[in-house]
Amino acid sequence: AQSVAQPEDQVNVAEGNPLTVKCTYSVSGNPYLFWYVQYPNRGLQFLLKYITGDNLVKGSYGFEAEFNKSQTSFHLKKPSALVSDSALYFCAVSPPGNTGKLIFGQGTTLQVKP
Amino acid sequence: KAGVTQTPRYLIKTRGQQVTLSCSPISGHRSVSWYQQTPGQGLQFLFEYFSETQRNKGNFPGRFSGRQFSNSRSEMNVSTLELGDSALYLCASTPAPESYEQYFGPGTRLTVT
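Protein sequence lines, in the order shown, are assigned to chains A and B. Residues 4 to 117, numbered by the working numbering, are exactly what the first sequence covers, in order. Residues -2 to 110, numbered by the working numbering, are exactly what the second sequence covers, in order.
No wet-lab data here; the hints were simulated from the structure. One thing to keep in mind: the hints can contain errors.
[Claimed, not checked] Restraint-style ranges between C-beta atoms, simulated for each label pair:
{"hint": "1", "chain 1": "B", "residue 1": "79", "chain 2": "A", "residue 2": "61", "range": "20 to 28 Å"}
{"hint": "2", "chain 1": "B", "residue 1": "14", "chain 2": "A", "residue 2": "58", "range": "19 to 27 Å"}
{"hint": "3", "chain 1": "A", "residue 1": "44", "chain 2": "B", "residue 2": "77", "range": "26 to 34 Å"}
{"hint": "4", "chain 1": "A", "residue 1": "15", "chain 2": "B", "residue 2": "0", "range": "29 to 37 Å"}
{"hint": "5", "chain 1": "A", "residue 1": "42", "chain 2": "B", "residue 2": "67", "range": "31 to 39 Å"}
Don't be surprised by glycine CBs; every beta carbon is placed ideally from N, CA and C.
Chain A with its partners taken away, still in its complex shape (with noise of 0.2 Å):
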């Protein structure tokens, strides 16, 4: 079955420190990889994606993810951490060939402390 895991409900991390919220994937073929943040009452946000190319890739806000294939995982990175990341994060997979589908993990709160 295609699935996304977060394995963290939370991560914790203090204003100025890097920052990883951790995926992994679970897709047969070259699936595209996504980032996406939700702030309270809102929509999900665009962060990044991954389709092809480069294994880093950077995105909205500071953030950057690292695709490695042969662990299947996309970990979303940060350098320093504001308080204002604090957040709901969601990893995303469209596996090949399904058209405008999502699979999503369950999430990881980012709580940034000042």
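Use these hints to put chain B onto chain A, whose structure you have.
Frame of chain A; chain B shown alone:
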């Protein structure tokens, strides 16, 4: 460009009733996908429409249906509402036909009592 808009933003219905939710995609986007978000099940794909045709469907009962109009606006309908249908319903659009990033609306919060 204006973002994805969804109406209404909040809705309260009674069990057994039916409801229709509306979604207007970003101008020029022709594909619309719908998702249900609940605390227990997370984000789940409902269906996707492109050029007024349903191209993909998730694992939801037939009470959940949708359609897309020639201007790419989409509606989803839930008949015979159950308490478990209470959720945030999110609509997303993408230029298509490729499944690249989707742009989400703010959602419709449906409460079934």
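Verification of the supplied hints:
{"no.": "1", "hint": "79/B with 61/A: 20 to 28 Å", "in the structure": "violated (43 Å)"}
{"no.": "2", "hint": "14/B with 58/A: 19 to 27 Å", "in the structure": "violated (50 Å)"}
{"no.": "3", "hint": "44/A with 77/B: 26 to 34 Å", "in the structure": "holds (28 Å)"}
{"no.": "4", "hint": "15/A with 0/B: 29 to 37 Å", "in the structure": "holds (31 Å)"}
{"no.": "5", "hint": "42/A with 67/B: 31 to 39 Å", "in the structure": "holds (34 Å)"}
Hint violations for this structure: numbers 1, 2, all remaining hints satisfied.
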